[in-house]
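Fit chain B to the supplied structure of chain A, relying on the hints for placement.
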Amino acid sequence: MNSASRAAPAARDTWAEAPQGLLRRYVFSTDHKMIGLQYFFLALIAVTVGVVLSLLMRFHLVWPSAHLPLITGGLMTPEQYLALVTMHGSLMVFFVLTTAPQSALGNYFLPLQIGAPDMAFPRLNMLSFWLTLLAFLVMLSAFCVPGGAPISGWTAYPPLSGITDITGPGEGLGQSLWIFSIMVFCVGSLLGAINFIATTIDLRAPGMTLMRMPLTVWAWFVTAILSLLAFAVLFAGAILLLLDRLAGTSFFLPAGLVISGELETRGGGSPLLWQHLFWFFGHPEVYIAIVPGMGMVSHILANFSRKPVFGYRVMALAICAIGFLGFTLWGHHMFVSGMSPYSSLAFSFLTLSIGVPSAVKTFNWLGTLWGGRIQFQTPMLFAIGFVSFFVTGGLSGIFLAQPAIDTELHATYYVVAHFHIVMGVAAIFGIFAATYYWFPKMFGRKTNDLLGKLHFWLTFAGAYGIFMPMHFVGLAGGVRRYADSTGAKYLAALQPLHRFMTIAAFVTAAAQLVFFYNFFVSLKKGRPASDNPWNATTLEWATPSPPPHGNFSGEFPKVYRAPYEYSVPGAPRDFLPQHLPPESEFAESGSTS
Amino acid sequence: MRPARKPIAFSQRLFFASFSNGAPVRWGSTHLLGSSEPLRPSLRTSGTIAAPVKQGGDRGASGFFGGPEGRNRREAPPRVYITGMFIALGAILMFFAALVSAWVVRRGLGNTDWQPIVLPRVVWLNTLILVASSLTIAYSRHCLVVNRDPEHRHWWGVTAILGMLFLTGQLLAWRQLLAAGLFLASSPSSSFFYVLTAAHGLHILGGVAALLLLTLHTPCRVTRDTATRVIALYWHFLGALWVSIFALLWWEGSK
Chain A
1 MNSASRAAPA
11 ARDTWAEAPQ
21 GLLRRYVFST
31 DHKMIGLQYF
41 FLALIAVTVG
51 VVLSLLMRFH
61 LVWPSAHLPL
71 ITGGLMTPEQ
81 YLALVTMHGS
91 LMVFFVLTTA
101 PQSALGNYFL
111 PLQIGAPDMA
121 FPRLNMLSFW
131 LTLLAFLVML
141 SAFCVPGGAP
151 ISGWTAYPPL
161 SGITDITGPG
171 EGLGQSLWIF
181 SIMVFCVGSL
191 LGAINFIATT
201 IDLRAPGMTL
211 MRMPLTVWAW
221 FVTAILSLLA
231 FAVLFAGAIL
241 LLLDRLAGTS
251 FFLPAGLVIS
261 GELETRGGGS
271 PLLWQHLFWF
281 FGHPEVYIAI
291 VPGMGMVSHI
301 LANFSRKPVF
311 GYRVMALAIC
321 AIGFLGFTLW
331 GHHMFVSGMS
341 PYSSLAFSFL
351 TLSIGVPSAV
361 KTFNWLGTLW
371 GGRIQFQTPM
381 LFAIGFVSFF
391 VTGGLSGIFL
401 AQPAIDTELH
411 ATYYVVAHFH
421 IVMGVAAIFG
431 IFAATYYWFP
441 KMFGRKTNDL
451 LGKLHFWLTF
461 AGAYGIFMPM
471 HFVGLAGGVR
481 RYADSTGAKY
491 LAALQPLHRF
501 MTIAAFVTAA
511 AQLVFFYNFF
521 VSLKKGRPAS
531 DNPWNATTLE
541 WATPSPPPHG
551 NFSGEFPKVY
561 RAPYEYSVPG
571 APRDFLPQHL
581 PPESEFAESG
591 STS
Chain B
1 MRPARKPIAF
11 SQRLFFASFS
21 NGAPVRWGST
31 HLLGSSEPLR
41 PSLRTSGTIA
51 APVKQGGDRG
61 ASGFFGGPEG
71 RNRREAPPRV
81 YITGMFIALG
91 AILMFFAALV
101 SAWVVRRGLG
111 NTDWQPIVLP
121 RVVWLNTLIL
131 VASSLTIAYS
141 RHCLVVNRDP
151 EHRHWWGVTA
161 ILGMLFLTGQ
171 LLAWRQLLAA
181 GLFLASSPSS
191 SFFYVLTAAH
201 GLHILGGVAA
211 LLLLTLHTPC
221 RVTRDTATRV
231 IALYWHFLGA
241 LWVSIFALLW
251 WEGSK
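Protein chains in written order, with our numbering: chain A, 1 to 593; chain B, 1 to 255.
Extracted from the complex, chain A is given alone in its bound form (with noise of 0.2 Å):
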């Protein structure tokens, strides 16, 4: 103990001292909060190139002729289309999906909302965020190579993935690299969170009991545990994959495959046995980029309605369940794939069973808004937006969770939709909802409401627009993967549908302007952001905006009561913020009842 406290002042970047100098402080930084916005920014620029991708796919669906910029020889050929579709989901689930609700807001949010100085291993911290970013360049740098970026999907289905690039461009060396990539994000992923682990766990300011966290550290919390058990079983698949493709073993390759005419000599391996590690991973990563957004929204509509969380301890518990839950339905990907009807029954019952925490959480958010002061201010449109979202996907997931009707829909574009609209834009409206509300307390300053609800009102529409005809299409069996449909009759048929989702994709990615605009003047000139400009309760706002470097300057807070305590009876404001001493409750006014 004598040795640590003699010792600790020589430490560099201890939390009580800011490092100096432009590189410690912006690049090489330990500090939580700006590894945070390394993180944000990342999942920016992640986000930017994917939704390019799905222009530049949307665009071929419905012009399959038309000559493309950024595309080699200007006519996308279907390897291509393929491909695209492979870095599109890969893009938009782990740098985007993964990064931006848990790794960034996460980060940055987390030690402030429970009161602590930092992460608990902040040079951990440091290197996670920095394993992402080399995974990011690894993952793009497919892009350049000979055979161009795998074709295979986000899901890298063996024996396609297993084999080189005798299957197809792009399975040469760019599945190599894509397979590398992920395995740099998963170490990446894993020590990030044991730091969140063991931050929530050790960390907690004085009075911070478990029942006292706000929800959204009960959402990272839960999120961190559902990484740490998934990447570990992704690292372990994709390390057999990788072998399968680099040194000749056949963990996954069946007998007897005659590909390009050749028959391949390896086999005895089972293609399913990677599908069941992959979806262990991918059913768990679902909930790692949705459950911070149901944190952050539960946050949010709290502050907005000027009321407590309905049935806050229900909810903390919805969210351990729904967690439990993730590791227990992966199967429910796999109907088509030759499983036993018998573990497809079992898996179906359980995919039904989470829709129990889930309603659970929908009413309680209906419950948190009935009866309150509503302020419509861009958060909560957003948030409000994120509870749409996930009632209308989770919804179809309702139908797709049964074997029978998911045989019939899962290569269709109903499929496409249902995980758009639940994982894709509710996490995104969740991530638009956190950023609009913190974004005072990251840098000082306010976004334009104004320009805000214009996004706001144009991403809703817009998403709806590309989303809802999508579930149609499937219907009417359209399949997914296909890079032109206007070969076949009764599929050329849909065309107009198409053209229409594609029209509300530009538009939507046109919106997406606006907040880009907003962000970015509102960073320079935005009107200066008092403290607590939301009359939050929460610890984030008993600090300066932007937080110290050490987070709290002056005296730590201690933890007084429960999180969401707004109209309170009684009290002189309508908010009673965490922090604040029982006896100076109802000093502040001067009165006493």
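By construction, these hints were calculated from the structure, which means they are not laboratory data.
Predicted model, so just to flag it, every value in this text is computed and none were measured.
C-beta atoms are modelled at their ideal positions from N, C-alpha and C, and glycine is treated no differently.
Be aware that one or more of the hints could be misleading.
Said to hold, decoys possible - Computed footprint of chain B on chain A, listed as stretches where at least three residues anywhere in the stretch have a Cβ under 8 Å from a Cβ of chain B:
id, region
1, 149-161
2, 231-237
3, 411-422
As the list claims (entries may be wrong) - Which residues of chain A face chain B? A few of them, derived with a C-beta cut under 8 Å, are:
id, residue
4, Ile201
5, Leu242
6, Leu243
7, Ser250
Same frame as chain A, now just chain B:
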């Protein structure tokens, strides 16, 4: 006046006490590995889980700064390193569980390409060495706790040497298999043997590096007690992990 707090349910306390090293029950740290920090009197008397967790003031179940250890607010309390290691072990366990379940599935396919491996005899010796190293590291920790520093350092070094011996032995086993014509891609069973031993060996290599680093270098962020405790935890885990993998492979080869 303190605000009234709702009492915590026993089941909650049972569950969450396992996370908090500041709480009366120190799972896996004090009891398993020993501690040089003397137990506080209140801890000694309230050795049950149901004992009040709160230590006065208006602190919650396991507050950080005013916690039982009452630490400098600008430094991480030592228990985060123990917590962090426990969490990391969870991830490592999942990683190996995935590999072993893949082993079970691939073997269960019943294809003829699966040829059970008869383990080289040196693997038995390696297993013995690793188990012995668990004992030496535990004894080394004990010597640190009772302030017999030279002995502590001696047995710490012995553990590192045993770790290196284990790795050498594993490489020998690899050489014997290679000499017998069993390569990575020869059979799925040999693939799994190499993957499992390599993955475990890399973890051991990391452990050896940590062991050596601590013999050459005094940790600047944590006390020697915490550092040795974290490393010992990791080392015991890898030992138990190897015994399990070994048992699985041996059972398979002996059938």
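Hints, one by one, checked against the model:
no.	hint	result
1	149-161	violated (count 0)
2	231-237	holds (count 6)
3	411-422	violated (count 0)
4	Ile201	5 Å, holds
5	Leu242	11 Å, violated
6	Leu243	7 Å, holds
7	Ser250	6 Å, holds
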